[in-house]
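Enquirer: Protein sequences appear in the order of chains A and B. Residues in the first sequence are numbered consecutively from 1, following our numbering. Residues in the second sequence are numbered consecutively from 1, following our numbering.
Errors might be hidden in some of the hints.
Put simply, identical chains are the same to the list, so a pair is met inside one copy or across any two.
What the hints assert, rightly or not - List time: in silico DMTMM-like cross-link candidates among lysine to aspartate or glutamate, alpha-carbon distance up to 20 Å: (1) K45 with D205; (2) K257 with D3; (3) K96 with E365; (4) K45 with E294; (5) K96 with E197; (6) K96 with D205; (7) K84 with E185; (8) K96 with D273; (9) K223 with E397; (10) K123 with E406.
These are computed hints drawn from the structure, not numbers from a lab.
There are 2 protein chains.
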Amino acid sequence: MYDYVVVGAGIVGLATAYHIKRMDPSSTVLVIDKEDSVGAGDTAKSAAAFRAAFTNRTNLRLAKGAISFYLKVQSEGFNLAALKVGYLFVVDGRTKSTIKEGVKVAASEGVEVEEVSQDRLEKSLGMRVSLSGLEEAEMLGVSDVEGGYLFREAGVLDVEKLVDYYYLKLKSMGVEFALGVRVKEFVVWPRSPLGIEGEPFPWEDLRVKGVRLVDGREVEARKKVVSALGAWSPGLLNPVGLDSFSRPKKRQLFVIKAEGQLGSLLRASGFNDLGVMPFTILPKGVYVRPNPLENTFWVGMSDELGRPFALEENPQPEERFYTYGILPVLGTYLPQFQLRYPDAAWAGHYDMSFDGLPIVYEPYESDLVIAAGTSGSGVMKGDSIGRVAAALAIGKEVVELGNGAEFEVRQLGLEGRSVERELLVI
Amino acid sequence: MYDYVVVGAGIVGLATAYHIKRMDPSSTVLVIDKEDSVGAGDTAKSAAAFRAAFTNRTNLRLAKGAISFYLKVQSEGFNLAALKVGYLFVVDGRTKSTIKEGVKVAASEGVEVEEVSQDRLEKSLGMRVSLSGLEEAEMLGVSDVEGGYLFREAGVLDVEKLVDYYYLKLKSMGVEFALGVRVKEFVVWPRSPLGIEGEPFPWEDLRVKGVRLVDGREVEARKKVVSALGAWSPGLLNPVGLDSFSRPKKRQLFVIKAEGQLGSLLRASGFNDLGVMPFTILPKGVYVRPNPLENTFWVGMSDELGRPFALEENPQPEERFYTYGILPVLGTYLPQFQLRYPDAAWAGHYDMSFDGLPIVYEPYESDLVIAAGTSGSGVMKGDSIGRVAAALAIGKEVVELGNGAEFEVRQLGLEGRSVERELLVI
Numbered sequence: 001m002y003d004y005v006v007v008g009a010g011i012v013g014l015a016t017a018y019h020i021k022r023m024d025p026s027s028t029v030l031v032i033d034k035e036d037s038v039g040a041g042d043t044a045k046s047a048a049a050f051r052a053a054f055t056n057r058t059n060l061r062l063a064k065g066a067i068s069f070y071l072k073v074q075s076e077g078f079n080l081a082a083l084k085v086g087y088l089f090v091v092d093g094r095t096k097s098t099i100k101e102g103v104k105v106a107a108s109e110g111v112e113v114e115e116v117s118q119d120r121l122e123k124s125l126g127m128r129v130s131l132s133g134l135e136e137a138e139m140l141g142v143s144d145v146e147g148g149y150l151f152r153e154a155g156v157l158d159v160e161k162l163v164d165y166y167y168l169k170l171k172s173m174g175v176e177f178a179l180g181v182r183v184k185e186f187v188v189w190p191r192s193p194l195g196i197e198g199e200p201f202p203w204e205d206l207r208v209k210g211v212r213l214v215d216g217r218e219v220e221a222r223k224k225v226v227s228a229l230g231a232w233s234p235g236l237l238n239p240v241g242l243d244s245f246s247r248p249k250k251r252q253l254f255v256i257k258a259e260g261q262l263g264s265l266l267r268a269s270g271f272n273d274l275g276v277m278p279f280t281i282l283p284k285g286v287y288v289r290p291n292p293l294e295n296t297f298w299v300g301m302s303d304e305l306g307r308p309f310a311l312e313e314n315p316q317p318e319e320r321f322y323t324y325g326i327l328p329v330l331g332t333y334l335p336q337f338q339l340r341y342p343d344a345a346w347a348g349h350y351d352m353s354f355d356g357l358p359i360v361y362e363p364y365e366s367d368l369v370i371a372a373g374t375s376g377s378g379v380m381k382g383d384s385i386g387r388v389a390a391a392l393a394i395g396k397e398v399v400e401l402g403n404g405a406e407f408e409v410r411q412l413g414l415e416g417r418s419v420e421r422e423l424l425v426i
Numbered sequence: 001m002y003d004y005v006v007v008g009a010g011i012v013g014l015a016t017a018y019h020i021k022r023m024d025p026s027s028t029v030l031v032i033d034k035e036d037s038v039g040a041g042d043t044a045k046s047a048a049a050f051r052a053a054f055t056n057r058t059n060l061r062l063a064k065g066a067i068s069f070y071l072k073v074q075s076e077g078f079n080l081a082a083l084k085v086g087y088l089f090v091v092d093g094r095t096k097s098t099i100k101e102g103v104k105v106a107a108s109e110g111v112e113v114e115e116v117s118q119d120r121l122e123k124s125l126g127m128r129v130s131l132s133g134l135e136e137a138e139m140l141g142v143s144d145v146e147g148g149y150l151f152r153e154a155g156v157l158d159v160e161k162l163v164d165y166y167y168l169k170l171k172s173m174g175v176e177f178a179l180g181v182r183v184k185e186f187v188v189w190p191r192s193p194l195g196i197e198g199e200p201f202p203w204e205d206l207r208v209k210g211v212r213l214v215d216g217r218e219v220e221a222r223k224k225v226v227s228a229l230g231a232w233s234p235g236l237l238n239p240v241g242l243d244s245f246s247r248p249k250k251r252q253l254f255v256i257k258a259e260g261q262l263g264s265l266l267r268a269s270g271f272n273d274l275g276v277m278p279f280t281i282l283p284k285g286v287y288v289r290p291n292p293l294e295n296t297f298w299v300g301m302s303d304e305l306g307r308p309f310a311l312e313e314n315p316q317p318e319e320r321f322y323t324y325g326i327l328p329v330l331g332t333y334l335p336q337f338q339l340r341y342p343d344a345a346w347a348g349h350y351d352m353s354f355d356g357l358p359i360v361y362e363p364y365e366s367d368l369v370i371a372a373g374t375s376g377s378g379v380m381k382g383d384s385i386g387r388v389a390a391a392l393a394i395g396k397e398v399v400e401l402g403n404g405a406e407f408e409v410r411q412l413g414l415e416g417r418s419v420e421r422e423l424l425v426i
């Protein structure tokens with residue numbers, strides 16, 4: 001029996017446990033995960049980047065708070081390998097007005113954005129900007145690059161180190177872990193059991209009292225259970241009539257060595273103090289993440305219509321997705337990538353919410369807090385999502401984010417959400 | 001090849017097809033359903049009732065529009081067996097403030113609500129209102145009935161007749177039907193195919209061009225495909241990376257003959273011109289629907305936490321759900337039901353959206369309009385949902401509902417939704 005039982009030791013579960021314990025230091029907290037180590041699920045398979053670059057103000061505030069926290073952690077001596085290389089959105093005639101609108105919203109929230117000219121993209125990155133008449137461009141249906149927008153409060157980090165930070169903190173605070181342990185189901189039980197055969201009855205006041213493990217043991221929570229299951233949320237929630245209203249989608253990342261011309265690209269100057277190419281998003285959703293510490297690029301593409309919502313126990317990257325999906329786009333804009341194929345690759349899941357905002361709510365006063373729907377930006381918002389989930393578990397309506405900003409918990413609920421469209425989708 | 005292909009011939013699919021054809025008379029429309037007749041899925045298994053009684057203004061407006069349309073249809077000579085018996089919410093100390101708040105919102109939207117005294121409930125319905133000290137009440141954890149709220153613009157109808165109305169209209173308008181036909185999948189295809197091996201590619205401009213049937217045939221839509229699949233939505237949408245963000249939950253209805261004392265209850269006077277007991281919602285979510293034309297009651301209960309989100313091809317009513325779930329509540333408030341057991345029963349699904357509002361949207365400009373999430377009030381809002389889906393399919397931003405009120409299509413989208421909490425949940 002613990003006060004709080006957190007199911008899922010990804011970035012969201014870890015941050016939630018950390019902030020629960022921080023806000024309620026005398027409580028007992030258990031974190032359960034099916035993997036043998038923390039952050040080993042989709043957290044480990046993320047693009048490990050951060051950006052204060054969203055047009056939905058709620059998303060932006062979550063990201064700003066978490067980034068501020070991560071940078072503070074690093075400045076206090078715990079190296080997260082966080083590098084502020086910036087995020088560069090490359091636009092053409094089709095995407096310019098949308099991104100520009102996004103830039104305007106972001107700027108109104110105090111986010112620093114710099115316009116990057118066609119010319120500078122060409123000179124600094126060797127980008128092909130004049131595409132008219134080019135056979136590949138015609139096939140892709142893209143037109144000339146018109147420029148870019150550089151968000152400075154953005155970059156990359158080492159997610160393994162971030163996960164370690166929380167883990168070490170949690171251990172030192174006395175939070176317990178049950179790793180390599182599979183949860184079979186959430187246990188729904190009356191708040192005041194009658195001790196009658198056949199319980200629970202639908203007219204009883206029911207709550208989620210804990211979890212049943214696959215080995216049959218039960219773990220109870222005196223106060224709250226937290227479901228921080230990411231892509232696995234529906235699988236455990238649906239059997240008790242709950243849902244995260246988010247869906248898993250495969251995310252693939254391909255590693256390309258920064259050799260030859262690509263070495264120069266990786267060390268492109270003029271975008272940040274580090275002399276590193278920024279995290280760059282091309283039209284059609286292909287993105288290039290610099291990984292200067294290992295002299296590689298990580299390349300990905302967010303595909304939408306046609307990519308199934310599906311959970312795979314062991315998702316695999318698809319070579320043909322790189323070759324026929326990503327490379328035609330990548331090689332058109334950055335010819336240095338032509339004929340370059342991955343040296344490594346992996347796949348995980350996005351946990352896509354219905355509107356691109358994370359979901360944190362407690363359905364039916366069930367004592368179960370659901371935190372899910374990170375939608376591809378869970379690492380960069382993780383600390384903030386954890387604070388919101390912790391606040392909800394503890395019964396607070398407002399929480400302070402990592403940058404000191406106050407945040408209303410209900411803004412991530414199903415009823416208090418912002419209805420602003422997110423324009424900066426990657 | 002049709003202009004519009006509507007998948008699903010439940011109330012939502014039928015109403016959508018009807019309003020598409022009405023708004024775009026020269027278009028060709030095909031309606032496909034796996035059942036051999038229209039309205040044979042969960043529509044046939046609904047509680048077949050209607051109420052202008054919601055606290056979320058969007059829900060209320062949808063219901064008012066559809067009810068107005070149904071009553072007009074009936075007044076013009078097509079009998080829907082619509083009987084305005086009213087909806088009676090019975091409240092106790094625990095539920096009074098919530099329902100009262102709901103009544104206030106409803107009243108501000110021009111809905112007529114009448115307070116019903118404890119005394120009148122006792123005299124007209126034989127309801128037990130003083131429960132203190134009663135063993136059953138103690139077990140249920142309920143306190144004295146404090147009164148009720150009667151919504152007059154509400155009642156019951158024959159959903160089979162409603163479905164017939166649309167079907168006959170659609171046939172007369174030249175809409176085609178493919179019944180007993182199973183759709184295997186939605187077909188995602190480039191808007192401008194290149195004719196290259198390996199299509200579709202993720203960088204192409206993709207749309208849902210039609211459906212593939214289980215027998216392998218393809219049906220194409222020149223303009224839009226409409227997914228009106230209710231509880232079956234995720235099953236067909238997820239494989240192409242789309243979702244209704246709604247979940248199926250079993251709904252059970254039990255038929256009790258109105259014999260003896262129950263006959264008097266059915267013919268309770270003073271609530272409407274018909275001398276019929278109103279559709280009555282008791283604390284704990286048990287409801288009683290009068291069915292005066294067959295001299296029966298339909299009894300149900302909306303159970304939440306613990307009832308799985310799950311789709312069953314052939315859901316069955318559970319005797320023990322009646323005996324141990326419904327009857328203890330029902331018999332406590334209305335002792336006439338004590339020791340009365342069902343003569344018939346059936347089960348279908350709710351299609352629960354994340355916030356109790358229907359969902360109508362076209363993701364990614366995919367040419368696929370998704371209409372789902374009727375959340376237990378699909379019949380009573382069906383005509384309005386159909387109008388909104390038709391308007392979206394045709395490209396209109398505002399649509400006129402059945403009562404002449406204008407409705408913004410985006411209000412049922414994922415981004416333009418109202419965030420008002422629905423208080424009158426049944």
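Enquirer: A separate judgement is required for each hint: does it hold in the structure or not?
Expert: Against the structure, the hints:
1. K45 with D205: neither (40 Å within a copy, 28 Å between copies)
2. K257 with D3: Neither: 48 Å inside a copy, 49 Å across copies.
3. K96 with E365: between (44 Å within a copy, 18 Å between copies)
4. K45 with E294: within (16 Å within a copy, 60 Å between copies)
5. K96 with E197: This pair counts as neither: shortest intra-copy Cα distance 65 Å, inter-copy 31 Å.
6. K96 with D205: between (53 Å within a copy, 17 Å between copies)
7. K84 with E185: neither (41 Å within a copy, 44 Å between copies)
8. K96 with D273: neither (27 Å within a copy, 62 Å between copies)
9. K223 with E397: within (17 Å within a copy, 47 Å between copies)
10. K123 with E406: neither (42 Å within a copy, 54 Å between copies)
Hints 1, 2, 5, 7, 8 and 10 from the earlier list are contradicted by this structure; the remaining hints agree with it.
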